[in-house]
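Produce the entire structure from the sequences given, and follow the hints as far as they go.
Protein chains in written order, with my numbering: chain A, 3 to 476; chain B, 8 to 658.
Hints may contain errors.
Unchecked claim - Distance condition first, Cα-Cα at most 27 Å in a straight line; then the derived DSSO-like pairs of lysine-lysine: (1) K433(A) - K629(B); (2) K606(B) - K364(A); (3) K295(A) - K357(A); (4) K364(A) - K181(B); (5) K427(A) - K629(B); (6) K151(A) - K357(A).
The set of hints was computed from the structure by calculation and includes no laboratory data.
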Amino acid sequence: MNILLLPDLLIILLAASILAIDLYRGKPQSTVSFHMSWIGLLVIFCLLIILPYDQEITYWGTYKVTGISLLFKQVFVLSSLCTVLLSAPYFKPGGNARGVLRYRSEFYFIILLCTFGMFAVVSATGLLTLFIGMELATIPLYILSGYQKEDSLSVEAATKYIIMGSLSTGLLVFGYSFLYGCAGSLSFKAISVFAMASPTDPLFRLGVLFVLAAIGFKLTIFPFHMWAPDVYDGAPTPVTAFISVSSKAVAIGFLLILVYGPLAPLHNYLQIILLILAGATMTVGNLGALKQKRLRRFMAYSSIAQAGYIIMAMAGTAAAAYSSIIYYLFVYAAANYAIFFIISIVGRNGEEEFKSLQGMGKQNPVLAAVLMLTLFSLGGIPPLAGFMGKFLLFAAAAERGFYSMVIFAALNSTISLYYYLLLVKEAYIIKPAIAPRVLVIDNIQRISLVLLTSAMVSLGLIPLFSSNIMAIVQ
Amino acid sequence: MADLLFTHSYLILLFPLLSFVTISLRPVQLSPKMAGRFAIGCQGLSMLYGLAVAAAYWQTVIGQPQLYPARSLVCFDLAWLNFSPTLTANMGIFLDPISVMMIVVISIISFLVNIYSVGYMKDDPGFARFFALMALFSFSMLGLVISSNILQMFVFWELVGMSSYALIGFWYQKPSAVAASKKAFVVTRFADTFFLIGIIVVSFYTQSFDFQTLNSPETAALLDHTFMLGIVPINLLTLATILIFTGGWGKSAMFPLHIWLPDAMEGPTPVSSIIHSATMVVAGVFLTARMFPLFAASEVTLAVVQFVGAFTALFAAIIAITQKDIKRILAFSTLSQLGYMLFSLGVAKMVTGIHPGAEINPLGYSAAMYHVFTHAFFKCMLFLGAGAIIHAVHSNDIMDMGGLRRLMPKTYWSLLTACLAIGGIFPFSGFWSKDAILLAALQSGHYIVCAVGLATGGLTAFYIFRFFFLTFHGRARSKFHDVRENSWMTFSIMALTIPTVTAGMLEHLFVSEVTVPGLAYTPNFSHPLWLPTLASLAGIAGISLAWTFYGRGRTEAAERCRLRIAPVYQVIYNKFYIDEVYLFITHKIIFHGIAAPIKWLDRHIVDGAMNLIGEFLQQGGKAVRLLQNGQLQLYLGVTTLGFIALLFLGR
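Written out as structure tokens, the structure is:
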């Protein structure tokens with residue numbers, strides 16, 4: 003047994019022990035599970051950092067750990083960690099205007115389980131592991147989005163999510179059946195051999211399109227994005243944050259593994275489709291965000307647009323796509339969680355709406371500055387990390403000569419700047435009609451925001467991170 | 008030990024940056040007083056670290072020429088932006104004689120000026136903001152001099168421009184200050200545009216930003232070819248180097264881009280002393296020195312540098328004679344001294360055939376850097392003294408002053424040393440550095456420039472002592488209230504007398520150690536005794552003339568003389584109407600002839616189109632919102648239709 007599998011094992015162990023402790027000694031108000039989760043995740047993250055990134059080991063022929071998969075695992079663990087920290091006030095009375103969440107231990111258990119599913123996805127060597135991992139990463143999210151049981155919006159979100167999600171799973175399995183039918187095996191190696199031999203086989207391509215559509219759901223690619231605004235809006239905020247980062251990241255990992263793995267011979271064919279989807283997705287996301295008034299809904303559209311930029315990079319070479327996308331995931335996660343932390347601060351005693359930001363520039367200038375930096379990073383303004391991330395994504399597509407696409411994306415990025423600045427305007431310029439409420443920031447939120455902000459700045463300024471990722475990918 | 012110092016040499020920058028961030032973002036509530044103390048503390052740490060690095064550099068690099076034949080050391084160099092597989096922009100720290108010299112100058116002067124500012128800016132509502140911006144400036148300026156590549160230098164180059172802009176317009180309630188800051192920003196940015204184009208041209212051909220690569224003979228050979236632009240033959244090397252030099256042209260305020268510097272005196276005096284005399288305006292000279300081997304490879308570039316420098320030296324000195332605003336006299340004096348430095352770099356290229364076998368005269372290079380060093384201290388002190396005077400009498404006009412000798416004795420005696428230094432009187436520091444410059448011009452065979460330098464020396468002595476006598480001597484020409492010396496301010500002024508008086512001892516150090524990179528050949532030429540004699544005579548003549556006219560603090564004799572040459576005087580007093588020429592060009596030609604039609608086009612056609620696009624996007628936004636009606640049936644329908652479309656797409 004090699005230590006490379008340790009993070010995966012630890013996360014299951016952590017999940018199981020949280021559930022077990024809750025079962026035997028749990029009290030509803032106990033915070034043991036919270037502390038266990040974040041400390042455990044932190045330990046796993048540290049472990050992930052010190053593991054060797056230049057090895058590649060396959061366990062039982064179906065579970066492969068590589069440098070790239072470790073990088074993805076870093077994203078997942080960080081994201082879960084942020085979600086756990088973000089959720090803390092939501093379980094306390096008075097922590098959120100929407101009401102108190104209950105069943106804290108189960109919540110963390112589900113998050114951890116979900117994270118393990120994501121681990122499985124990026125470690126897959128065949129369609130079966132990929133499928134099981136993906137379902138393990140998705141089904142818990144249905145539960146989580148209905149976690150605010152008294153809130154009809156939350157229940158509605160869960161219902162919509164599960165119905166749309168089932169459709170997507172159906173498409174996925176149907177697509178698999180074609181791939182299996184063509185290749186005669188579920189392993190990537192066999193599919194790769196078949197794709198190499200007959201890349202133009204119509205049935206094979208049909209299967210690929212089904213899989214693409216299915217993954218389009220998770221990744222909120224137009225026209226499969228329709229669930230996202232409703233679910234993002236209805237789910238409890240920590241869950242929204244988790245869906246917007248982790249679920250997206252795992253779907254991208256899934257797609258990257260397929261597109262640059264067994265489906266690599268079809269890359270020229272997929273390139274155009276991916277670019278068209280990317281263009282449509284970023285446009286729809288950006289247009290949708292223009293007219294929003296509710297913060298979580300707004301973030302849904304913003305993340306749809308971001309998915310468009312990310313898909314665009316898949317037109318590039320494997321190395322460029324992997325390195326730029328993984329780097330972008332870190333950047334995107336930092337910015338998204340920063341926004342969601344701010345939303346949670348605002349939502350402590352008010353609606354999570356644009357209006358609630360008014361007066362922040364006067365009342366709490368540091369928080370407003372963090373909000374502005376975060377939005378600038380999402381909009382891609384140098385020298386913040388978002389700029390560097392977008393630059394790399396665009397460069398990946400430009401390297402293959404898709405200049406018109408890059409220009410289109412850059413124009414789209416300009417639109418996004420408009421609506422990101424709307425939030426800045428709300429925080430700084432618009433005078434609140436009623437006296438703004440006093441914002442209470444607890445220590446967890448303060449420390450998290452400081453760390454996330456410094457990550458956003460340093461990821462952009464210090465070249466070490468991106469070059470490290472590049473080195474691992476190559 | 009030395010290695011550890013070098014590895015962490017970024018700390019020199021980090022302290023001022025920390026000070027800027029802390030004071031401006033205020034994570035903890037700092038009272039203005041504490042902000043000032045904190046800024047001084049950070050600046051002090053930065054200075055101590057800078058001096059430690061300089062000492063380590065002296066011991067390690069200069070002390071072991073066999074290990075470091077090029078006298079340079081790259082502390083670290085990290086990849087920053089990867090533009091293409093062959094072109095990467097780095098972030099690094101590069102130490103060589105000139106950057107170490109600049110670290111010493113900048114950090115010491117920053118520290119002293121910060122101390123001085125506590126007195127000068129007392130009771131100003133923007134006290135904390137001032138120190139934050141000063142810290143930003145120190146950070147940027149230090150970053151500029153230790154950059155390892157030209158792109159990084161450009162980043163810091165713009166940052167110093169930005170901090171200069173913010174500090175000139177520090178008193179933004181004054182319209183004149185706002186106008187001056189805009190002028191400075193626009194003029195220097197205009198020049199920087201050419202600088203950036205130069206960087207792009209050079210990096211395109213060489214695939215590198217690194218100074219060491221750019222300065223290699225291979226780069227010069229690579230660029231040295233002629234192409235035809237229409238019918239005009241253009242040498243690429245000359246073009247690129249002149250484009251790069253244009254950045255320095257604007258930053259060092261050489262004629263005709265000098266117009267921003269006198270106006271920049273609207274800023275607080277500590278700002279003028281550090282940014283607009285001692286350090287930032289020297290950036291152009293520094294850039295020329297940094298790129299010297301490449302510039303020297305071109306036939307024309309150094310001739311341009313030399314001509315521009317010599318012309319500005321004389322031109323600004325003539326204007327300085329007539330000015331009445333105490334800070335403007337010093338501003339024109341700065342222009343003139345910057346001219347000296349640049350022509351000194353220019354004369355480092357010899358006239359062909361004067362010394363067979365030698366093309367470069369390293370003395371010109373060393374002398375220029377030496378003058379940068381000496382000038383920084385005495386000119387900084389002159390400005391600080393002027394600030395103390397303004398602070399005491401609340402006027403900028405030397406005609407309102409007089410008789411301050413008894414009221415401000417410490418300032419008087421300190422400024423006397425600075426005036427003697429800039430006047431080129433033995434044995435003060437300015438004498439030695441000017442002498443080295445003149446000698447370099449003479450050795451290289453640029454006799455006219457040497458004569459210009461001598462004449463300017465006389466003029467310098469005259470105008471600086473005109474300033475000195477009119478302020479301190481004679482009787483007060485207006486009523487002063489409560490004139491006192493502030494101890495924060497006098498401390499810095501008096502501290503600066505030490506380098507002003509003693510920097511002359513460093514001449515041999517500069518001539519032997521601060522030399523052209525990559526030039527093994529060190530010529531040893533004779534030093535004619537008549538040259539320093541003549542220079543001293545010119546200086547003494549200038550002082551005597553100033554004494555006859557203004558020595559007793561009277562202006563009658565000068566007034567009579569002025570009336571006799573009234574028309575000429577008017578032209579000079581109005582700075583040769585250069586500002587008016589600019590106004591004419593910008594307002595009449597550019598604004599009315601070019602900008603107005605473009606504005607019409609912009610307002611009606613471009614804006615119209617943009618509004619249309621905006622409207623279109625807003626409608627699109629509405630459409631997306633309408634489609635998102637919350638009905639699951641619709642979502643499923645859209646998905647199915649979308650999927651069918653996808654199947655068609657991937658047919």
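Do the hints match the structure? See the list:
Among the hinted pairs, K433(A) with K629(B) is consistent with the structure: their alpha-carbon atoms are about 26 Å apart, no more than 27 Å. Only pairs whose Cα atoms come within 27 Å are accepted, and K606(B) paired with K364(A) is rejected, the gap being roughly 36 Å. A distance of roughly 8 Å separates the Cα atoms of K295(A) and K357(A); the hinted pair therefore holds under the 27 Å criterion. For the hint pairing K364(A) with K181(B), the CA-to-CA distance comes to about 26 Å; that is within 27 Å, so the pair holds.
Taking the CA atoms of K427(A) and K629(B), the gap is near 21 Å; set against the 27 Å cutoff, the hint holds. At roughly 26 Å between alpha-carbon atoms, K151(A) and K357(A) fall within 27 Å of each other, so this suggested pair holds.
The structure fails hint 2 only (numbered hints given earlier).
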